[in-house]
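Listed below, chain by chain, are the residues.
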Amino acid sequence: MKLISSACPRNCYSTCSLMVGIEDNTIKSMAPHPDNLATPEGPCIKGLAYVERANSKDRLLYPLKKVGEGKYERISWDEAIETISSKLKNVKQEHGPHSVLYFASSGMSGLLNGVSTAFWKLYGGATTCYGNLCWPAGLEATRLTLGANKHNAPWDLEHAKLIVVWGKNPAETNIQQMMPIEKAQEKGAKYVVIDPRRTPSAERANALFQIKSGTDGALALGLAREIIKNDWIDKKFIEKNVLGFEAFKKKADLYTLEKVADVCRIPVESIKELAKLIGTIKPMTLIPGYGMQRYENGGQTTRCLLALSVITGNIGLKGGCWHYANLQSYVFDDLKEPESYFPGCEDPCFRRKISVAKLGEDMLNIVDPEIKMIWVERGNPLTQNPNTNKIRKAFRKAEFRVVVDQFMTDTAYEADIILPAKNMFEQSDIIGSYWNPYVQLRQKVMEPAGEVKPETEIYYHLAKALGYGEEEITKNIPQPGDEPIEELLKQTLKPFPELSLEALKQGPQLANSFEEIPFADHVFPTKSGKIELENKEAKDRWGVDALPDFVPLVQDKEFEFQLLSPNSKNRIHSQFGNLNIIKQFEPEARLFIHPYDAEAKDISDNEMVTVHNNEGEASIKVQYDFGLRLGNVVLTNGYWAVDGATPNLFTKGIETDMGHGTAFHNTWVDVKKM
Amino acid sequence: MEKNAFIFNTNKCVGCMACVAGCSIENGTTPQLNWRVVNGHNKIKHPGLPVFHFSLACNHCDDAPCMKNCPALAYTRDKDTGAIIHHAEACIGCTYCTWACPYDAPKFNETTKVVEKCNFCVDRISDGKKPACAQACPVGALDFSFDAKVDYKNHLSPGFVNMGIKPSINLIPLREEHRKPTIENSDAIKFPIDIGKYQEKPPSKVELKKEWPLVLFTLAASLLVAWQAANLITGVSLPALLFFSIAASAIFLTSMHVGKKLRLWRFILNLKGSWLSREIFAFSAFLGLGGLALLLKESNIQLFEHKVFDPKTIGYLALLFGSFTLISIDMVYKFFRRKDSIKLHSALISITGPFLFAWFTQSLALIIAFTLIKLSLYLVRKVYLDKQKAKSKHWLTLTRIALLLLPLAALIDYPSTPLWYLLPIILLGEVIDRSEFYTESEIITPQGTLNELSLESN
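First to last, the protein sequences are chains A and B. All the letters of the first sequence, read from the start, carry residue numbers 1 to 674 under the numbering used here. All the letters of the second sequence, read from the start, carry residue numbers 1 to 458 under the numbering used here.
Next up, chain A with everything else stripped away, as it sits in the complex:
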């Protein structure tokens, strides 16, 4: 068995380095890669499950054509390319290129994804999406305040004396982060969690502040008031680096202990205690998750939280930082997130954009031209974008759909042509991470299975079939084969002499501009050069208060329970849940509910119930959970229709207050006994 260095390209914090065991062109094992200091003990259960995923008998290995409801027929690549290219010619001629929706999501990261964009540019453009499903509200909040999204190296966390994990559940979504947390605790650090759920990450915390979902901003402002009142602020730091402190102080002063206790539903004493911890223990690393910014008030909430790190001077310290997103390894991007999500930053041929958060609605409503053809790659919008039913309707309204995927997802089932996608072992590519500071090579270790072709090759053949000249094509799309890919990667690496392809083949390489403790120099790339608690752009661009503020969620009074759809350890969005290794632990969708809420409706544990709201309805099996707040129900993200329900059956499609993110958690449902 050969061991080859690679890295996991999923949309996940950890971006683990891996040693892939391969024998006879078959993946045999996944072992840790010790060179990655953030993931030295190896990948999580999903990473291990690649052994099954790569060899799964359910994998799509040939192009398929839909021949009837639920019926598919294997076709040749020639037929597939011929059918798709003639359709592409057709719709372009009749309706223009923007009648094609090119939808790509975060299913597989890599620089070669740029080839897709290049193809569609060659085609004359396409309708694309702006915004993002995940994290933009928080990214934008951070960008407005600090000027850039970067944080201390993951391993620096062990130097913290206080760790505040706020709305994040690393034990399930960034499991390697639990290691420095434990190391810090072993050395006597305090660790607290703020979350509406009792998560596995909260089990080792000194305290869990189980606040009402969506009220995080109020708590942060209340804490700020206490900290300011008790003079626990870092005056020197504020004086030198912070813009708008006095105005912020006035804003925070409105959030009295009593008011916050009432809004957040935790006792006054506990708020005082938490304020004392944050105010008096330094260095503090504050780790906000992406969950609590997936509300309509997510951006402002994040700004409120960040203010706590700012006023206590916990920025740019060893063991002290704002640990939201670390884009240090995104060295190849001209425009970093979140700005790359905003409409207006793109090539003119992609100027026609629709909202990723409101995908279904926008697809249905857009005219001149209407969406006639849909191309989906690296994504599964039917389960992952809000309002599944609307998206399904919009997909069915179009004339022709192509989906590129490794498995028959809910979206693939809507397609007329399904093309088999490569997996991470079948083509080399370079990836970054939004947590660890490494640039990595996701290395080709085997020849593609069956008739699988990497997207770069699919596009190459499509471009040929569309009649573009060889020279024009090769300017945009690499020729089939490994050598053109290596050549392209080498070209991309040229401006970065520290990052050679040869070194990347051995293991992870620190990003060239890597800083272990960013902002230690107190240089902030904001307009003022200071940390901007008060920010004009927030008001001008997003129409929110120039100061961080708590904006209460408008509860949908029609329905009783607020539905949270956090990520589970068993899936990355809608990936991995179909594998037997995972299915044995989670065979079907479960609606978590507090037993007392359930019993009030005479619903027993493991009983099937009807969950519904105006967007959708499903029958789901209930699982009792004393770790929830009364009034919350939880359906984790990423289930497929075959599992029983995706949470997006119930989500509305609302954008966050800033960053064009998606407010998944602004969702209320009713739960009924069947």
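Don't read these hints as lab results, they were simulated from the structure. Among the clues, some could well be false.
The calculated lysine-lysine pairs, modelled on DSSO-like cross-linking and capped at a C-alpha distance of 30 Å, are [said to hold, decoys possible]: (1) A/K621 / B/K197; (2) A/K183 / B/K391; (3) A/K183 / B/K129; (4) B/K190 / A/K601; (5) A/K621 / B/K391; (6) B/K201 / A/K621; (7) B/K79 / B/K190; (8) A/K393 / A/K2; (9) A/K444 / B/K130; (10) A/K187 / B/K209; (11) A/K672 / B/K43; (12) B/K190 / A/K190; (13) A/K583 / B/K43; (14) B/K129 / A/K505; (15) B/K130 / A/K2; (16) B/K190 / A/K259; (17) B/K153 / A/K2; (18) B/K393 / A/K190.
Chain A is already provided as a structure; the job is to place chain B on it using the hints.
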């Protein structure tokens, strides 16, 4: 002594299941039949109790009860690594090891009909590599040491199974700060939660629906021994044909309980260590000798001149084996942990045997004596269980008592009632009592032990 051992840090484990997946990928195990299990404390997340895990597979104990008690010698210890190796080709599938092991390591595979279990990844550790589970742990909670000095004191940690059998695992217990959660929530429910109501009970390893052949077998054995003894001592009639018919049914019943029926002969390979081997051997000898004696007596054949070959002598020799069988049967069940925790159970075969013997001989004094012993043991147990608030069916209790006393009353009031009328009543009572011996017992398991801990701390 330094040895290969797992290291498990309770503070680090978050219950992610990567160890289970790592094991199943390495060993190609059947899904749902994982050799490693992540046992959880407070799975329901009771707000007053901590959630923590014990990830356990085989601990390759120094005093491995699976190996010691396997009747078929299907377990060996690998000298170089200390690994306890299960040999599928030698296994009968009797599942006795699944009772003997308090760590729930041996797993019965319904497809292969034999047991399987963690082998310490013996090939990997022989190559100097950690077992697959330890390598797979993404947070270093489960690790492996090639020269561990196991600290057995830590096995006293609350919720951990500690039987003093020197498991090869260094357990790092929860730090004090992790033992009681602090949860701030103004809307938390203020009244106590009945954990027993919500906590999922782990599947019991002793279930009547699975073990009923053993109920009947053990009773058939005691019936046969009692009858044979009565025949021998007081001349109660016992036709050889009947003896063999009951014997054949008893053997059929035990064979129902094993996965590999063609390997039944392997049952007697471990006379040195296993009460199960002793039981099967003694019972076989009893059947052979007892049957022979009956046949000789019925056919009036004198085998040899010598007195040793006299049917009576052979009969007494058979009875000796018979009595040993009854003791062995009770010893086989030493792994049962009964909810009443009273040493003597009214359905012990060593009591049922003499009780039935008393009935066969119609000795009123003996019958009264054993009926009283059975009755008092039964009542004490029931009262105790009632105090424990264990679920019990009162009608069944009353029926059992009635079935015990009714034949005695009949015998006193109508001394001429033939035994053949009473025997079915007596045996029915014994079936109830013996069945309760199974339903009121359990095998210690890691998950069961954790569940008890949360019940106790409630």
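Tested hints:
1. A/K621 / B/K197: 19 Å, holds
2. A/K183 / B/K391: Judged against 30 Å, a Cα distance of about 46 Å means the pair is violated.
3. A/K183 / B/K129: 25 Å, holds
4. B/K190 / A/K601: 20 Å, holds
5. A/K621 / B/K391: 28 Å, holds
6. B/K201 / A/K621: 19 Å, holds
7. B/K79 / B/K190: 56 Å, violated
8. A/K393 / A/K2: Measuring from Cα to Cα gives roughly 48 Å; hence the hint is violated.
9. A/K444 / B/K130: 27 Å, holds
10. A/K187 / B/K209: Given pair A/K187, B/K209 is violated - Cα atoms ~53 Å apart, limit 30 Å.
11. A/K672 / B/K43: 25 Å, holds
12. B/K190 / A/K190: 27 Å, holds
13. A/K583 / B/K43: Distance of about 19 Å is within 30 Å: holds.
14. B/K129 / A/K505: 24 Å, holds
15. B/K130 / A/K2: Measuring from Cα to Cα gives roughly 18 Å; hence the hint holds.
16. B/K190 / A/K259: With a Cα-Cα distance of about 22 Å, the restraint between B/K190 and A/K259 holds, given a limit of 30 Å.
17. B/K153 / A/K2: 42 Å, violated
18. B/K393 / A/K190: 52 Å, violated
This entry does not satisfy hints 2, 7, 8, 10, 17 and 18, going by the numbered hints stated previously.
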